[in-house]
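Starting from the two chains in their separate frames, assemble the complex, guided by the hints.
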Amino acid sequence: MPICVNQHGACQTISIGELFDRAVEISDQIHTLSTDVLNEFNQRLIQGKHLNLSIVNSCHTSSIMTPQNKEDALNTSREHLLNLAVVILRSWRDPLQYAISRFSDNTITSSILIKSMKIAKQMKQLAKGLSKISEQVTQQSGAVQQTLQWVQPLSEDGGSIMLHLYNLLHCFRRDTNKIDSYLKLLKCRFTQQSNC
Amino acid sequence: MAALWVTWCSLAVLFIDSVYSSDGPTITECRSLEQETFTCRWSEANSQNLTQHSQFQLFYTNGPALVVSLFHPTICTETGTVPFPSQIETLPNQHPPQPLYNFTIGKEYEVRLRCSYPDTGNFSGFSNILKVFLPTSQSVEVPLERPRITGCRSPEQETFTCRWSVGNYQNLTERRRLRFFYTKGNNADWRECPEYLHNENSCYFNQTYTSIWISYCVQLKSDFQEQNITFDKHCFSIDNIVKPDPPIALNWTLLNISQSGLLADIQVLWEAPPSADIKNGWISLKYEIQYKAGESSHWDSVEALSTSHPVYALSTGKSYQIRLRCKQIANGDFSEFSELLHIFIPAARNVEEASLLFRLILVFVLLGMSLMLLLILFTKSQRLKLFFLPPVPVPKINGIDPDLLKKGKIDEVNSIFANHLSYKSDLYIDDPWVEFIDIDFDDPDGKAEVADTDRLLGQDHLKSNKCLSVKDDDSGRDSCYEPDVSDEVTTGKHSEFSSFQLEASERKEDVKSDNGVPLDISGADAKWSPQPNSEECDGSKSQLVTTDKGLSTVTKHGLSQPAPHSPPGNQSSFGKMDFYAQVSDITPTGGVLLSPGQQNKLQVSLAKDTSPGPKADQKTKPSDNAYTSEVDAMQLCAISSGKLGLPDTGEDLNLSSYFTTEGLASVTVGSCKQTGNSRQPTNPVPDYTSIHMVDSQQSLLLNPNVLPSKNQPIQAGYLMPEQLGNVVP
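These protein sequences, in sequence, are chains X and Z. With this note's numbering as the guide, the letters of the first sequence map in order to residues 26 to 221. With this note's numbering as the guide, the letters of the second sequence map in order to residues 775 to 1503.
Okay, chain Z solo, but in the shape it has when bound (with noise of 0.2 Å):
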């Protein structure tokens, strides 16, 4: 269907082509000039059937038809090629005359116009061609400017004067032929200039000429030799012309001045400009006042509504410049700047004098602070560069620094320690007998160190115990031990040489992130070495894997130097292995003995945290050597099976990051046994005994079946953990 119809109509467009073909003229446009008449122009055809001097007839109508016949032409049309211009400007609605721009030099050029309505888009024809020539540049000397009207302004909305420039052309310079004129209203003629000012190029409109709200139009014209050429052409309002005459009469007088005499406030005043009619209201002006010191370049700026007005800060002491402008409201341009007014606000002389002390004074402070600086930078002495700069407190869980170890302030760690219940601070104070293990902390690079293995054991024994060796990759402990107690070393027993690094490692994770304290004291520096057992190795984990960096390396710095006396070319095939001893006596020199015990998997971590903790404790000896006690050892590992005897007493242990509960947990020791009497080696002595429990004064109660016999002397250095009781008060 829509084929049909498509087809329909193509064959009926054909059809009225055909009838409208070629053959016949053809109307080409309908055009109007001035939209008052139009003209329609038609194109003959170039049948051969018309004879040369066929009439055509238009017809038309009002209505929509349009009937053409054959008439006699009397319109010829246009025909014939025009060269494409090389330059199209358009000029928007503008009059005469026009500048026109980068013409090159030396060139010639054609020029013509066609014009349209704005609205409509049409063009019309091109008018004749004006033939523009060039001259270069040394047959011209003074660029020609054309007269033109430079503007029009009403100081007081009453009269106005408008102004123009002549321009230099070489017709006009002879005589000023310029002759201005202007219209009022619509529809009005030109009037020339009621009053001519020619010494300055302007014409002057009085009131009688001047009405507001009324559009006006002005031309300047030539009347040379009739050529009557309009140079400029000008249309405005009057109230939008609006410019009136600067102030007048700027005066100031200083309002107060601050109390320290620096700055001052003034209030200036001035008078409005005597032409503006502001007493009756017909002009009402607003004022902007600009000031600005002597020698800076910015204006700051006010504005005002009445004819004085404050300006607050002015400093003293300086010179300042003050210059006022006004502006009809809601209308027109701000005035020409008035005159400049001058302001010096003397300062007082003690003011001067006080600010020149106090420059003073701040300079030589500024020095001795500088000169302080240089010399907290640059002095060797660590204390007081510490003084003047100490480190930054970094954030770690609560727990004991390994500064505070290093440094041995006791007090500060005893705190800590104290909130620990199992921690008696002051146990060891007064035990002039108890001599701590040094423990060291290893340098970053562990394999440089001695095993702990090593030096509990003494050399001889090193290379025989192969499951002491423990890969210690990145543990960084080293261990420092004192060859000479070597000899004294009665029990062998490295049941200590458990995996103690296999549980570090699990939870490696655990301990580490108590990012705080960390001690891995994998180094339990002795004094002895202990003589390994074999047969008792057997049993022991070799995978004494080492345990993470983290684990160590925050020990580090914890701990005091390594014991100058450790052999660090130690090397013992068993490695490098950590673990913990039970220390079963203390020797008066002041070597410790540790026990052979039970292998016990006590926890790395336990150890660590138990170690830091009396180690940091003690302070019998100010020295960096820092020792474990036995007692320590054994309380902490009471605790540790304590724990595990009673989990729910999670609560009284609660001993922060030392003690993982996790860790603890895993301590399969079976037992805790109290090291007997040390001096006999050979005799096996229970390491640990298990607390029965922990009652509500920190005491501890251990399980009475695994206690040795009460009737243990007290050795040196060496307590029953109910003997606390008779230390602690």
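Okay, chain X solo, but in the shape it has when bound (with noise of 0.2 Å):
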């Protein structure tokens, strides 16, 4: 069923086809600049002392049981899937929140950021692309969704604060890049059904 965009005037149909590429295109930038703000972190405040990513292991997210490979993705349902994204774009909101706010504190690069900021932008952008999407799969509106819930950590010394917020940052760019694979997959299956 197409979705009704104006709800005032002439229905205009958007395709899910087109919904999806949107989706992804976003996801595709949101990923990007994700790397690129680790990346810069990276550089400018570890001042590039590889942390041992072993240590950096513990993301909120992990409790999210996801499909790890892509038997194990093509194997779920197209509605978990959607709905997994969606849920790990949620859980993102806050972290990201306190980043760009630790990060507005400090005296850190504009761009690092510029970028968060920007991020966050998309992110909003991603999540109501993605609600509108499953409005029209699971023809519900407004359904909601389950978040995860992140605790702000403990306001501690700089130095912890910094690995506090690298692993935000590591985590989030795991992330990203699950939500790009995922919503990839599922613009295939949605689109193409037989094909993929």
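Watch out, some of these pointers could steer you wrong.
Below, simulated DSS-like cross-link-like pairs (lysine-lysine); rule was C-alpha separation at most 30 Å, straight line [as the list claims (entries may be wrong)]:
# : chain 1 : residue 1 : chain 2 : residue 2
1 : Z       : Lys1101   : Z       : Lys1007
2 : Z       : Lys1101   : Z       : Lys1066
3 : X       : Lys95     : Z       : Lys1101
4 : X       : Lys95     : Z       : Lys1066
Hints were generated in silico from the structure; no laboratory data involved.
So this is what it looks like as structure tokens:
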């Protein structure tokens, strides 16, 4: 069923394919920006000390059960996959705001701050787009999605805050890649059901 | 009050210190090694109160206070001097093995390590000392290389492969006892590689072992002699190590060729690497096409998002090479380059011929132009040179270009003067009687020239009249007068020898500003030499200051060469004085008779201005000698006086640069009287006639009071203003 965009006049239908195109485009942008932010953060603030990845593994989204490879992803239902993408997206809203506020406090280079704010904006756009898609897909509007609770870390000294932010950005980059991959899979599965 | 407080504090400190004095043991530090346990150390006291085996007790609380008492020492603190290390290298959070650089060969080194947590500053104690000796180069043939992990790569985000290099350690070359371990996720055990590829020194992880978005750590270990040395360690996440295979099946088709046949567009086609799952959308690739002409070394690149893309503007007749590579969008690295695709678009034959012809024509044209240029540059003919390379016109104020006068371009000058109300361009054309004074402009060195006076007065009188002496320092005017008219000079009046100079010098700025025309006709060449009247000279101002060069310089070029007949050697005692004379008559032979007239403080500028006008006008003799007619001078004089009489009619007499208002205003010409019959030099003939007014038809109405008898016959070359009407059509 095509979606009605303009509620007050003639209805303009936007196909799911177009919605997914736009969603994939935004998620690509988000992922590129998050990679840039992480690299810049790494460069400027940790001064090239390559932190052992094993230290920074405790992402708050790890508790969400997501398919970890292509097989599993293909075996997951479309709606569930879409739901997962939405949940992950929503669960990053608060941590991102925390990171932005931390960036504004410190004398972080403005490019990191600017990019982070851009990311936040794009995330909002993507969330809107995904909710529209899910409305269309699941025939339900305004379905309350489960969101993950994220606890803001206690304010500690500057060094641990930096570590924490690094961890955050690292997890965020990983999750944006996850969302990106899921959306690309979904795009194929929604638009060309048989071919995928 | 503050002093009291400080004193109390210091006392308190002292007191406290005495309590915790060096008499008793002190806690040196508390330290945690792994953030799970911690140890507190104390030092024994030096006091004699305590025995050797005194016992210490350490009490602790979770709160802020800490109380210590004596107890048996269980930990010995480390003391002793530590040699200062010559080299400290900080290895930021690295795991063994680590290279250390810049060791000198042949020396023995001691190496020791200590560690600290990243965010705290406290270092641990030092490790054991490792002795290192680097043998000299003779004993070392090949630099030792450690085995290390060269890289891990996933081509399609479903499997991945890790590679390592074995190095050249002696213990390992016999048998490759390198073992590869990995952990997946957090807090996992080290597992051995599921699939060794020994011939390639790599480990392959297939789909079952590969999980995206989970961090892996891999290790390269040696199991030799149970040494359990870890050579290298590496951590990553699969989504970061995606590097696709290169695209395959490159092909191209011709899109179109331009009209000229020189350029063409092609469409490049290829296929995505087969390993990447594009179909499902698991991988999305973007491509980069690189192309270059066969001989060039610089690759141009074009980005493409699908499996075919056009490349525009390739030259025909050249061979090109094209290569491709791809990359996952927003992730990973570029793949290796694909195979080269060779392209050759044959140029149309007519294009080649046309280009050849074009080149030939171009060469010929260039040759011809260069020949012409050489010819022009080295030709002796000035005319030709000027024709091809005309001089750049310099900006100048509307006025007379001295060059025009030089060349005698009557028409142009006429047009210039036509703007002036009082100028009648055709006035003198028909009059064959009119001859003009040859006016010369001076050489830069005015002193070498003879003053006007000399010419006018003739050599005899040159010395007698001192009032004509004038400082001629920098007036570059010369005056060339023909001496042969000296006998015909009837009137020796040199009333003209007024302070022309003075006026001019005063207003030199004014005139000078009119850059264009300057006409400082300082030298009025006259074919006569009037005789000066010494009596009248007394009143003349002898401050004939020289005008500045500015006035005269421009005039230099303007006029022709000085008449050769002027006696350059004639130095008069009058010095170099410039003045203007009223021409009273022109002899049939062409000589000009000056009228004595009254002394006029006619402006030099005025005279100057006037002279070129008529002078340039004439073209009766196409010679370089230009003459100012008596009539002209008269007329202009009339104008000037008229202007005096009617200062309000300034607009009518707007003679641009030739007449400056101030100049004219300062003319203290009493009256311009017309010269009478110059045949009687003894009779003072009025030089100028004042103009009563100038009517709209640009004719002058003279003041009838001053007019001489109208019955005066028309002499050759002499016209009364009112007779202008007869002449002017």
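Going through the hints against the structure:
1. Z:Lys1101 - Z:Lys1007: Between Lys1101 of chain Z and Lys1007 of chain Z the Cα gap is close to 27 Å, so the pair holds against 30 Å.
2. Z:Lys1101 - Z:Lys1066: Distance ~21 Å between Lys1101 of chain Z and Lys1066 of chain Z Cα, so the pair holds.
3. X:Lys95 - Z:Lys1101: 19 Å, holds
4. X:Lys95 - Z:Lys1066: 39 Å, violated
The structure is inconsistent with hint 4 alone, although it conforms to all the rest.
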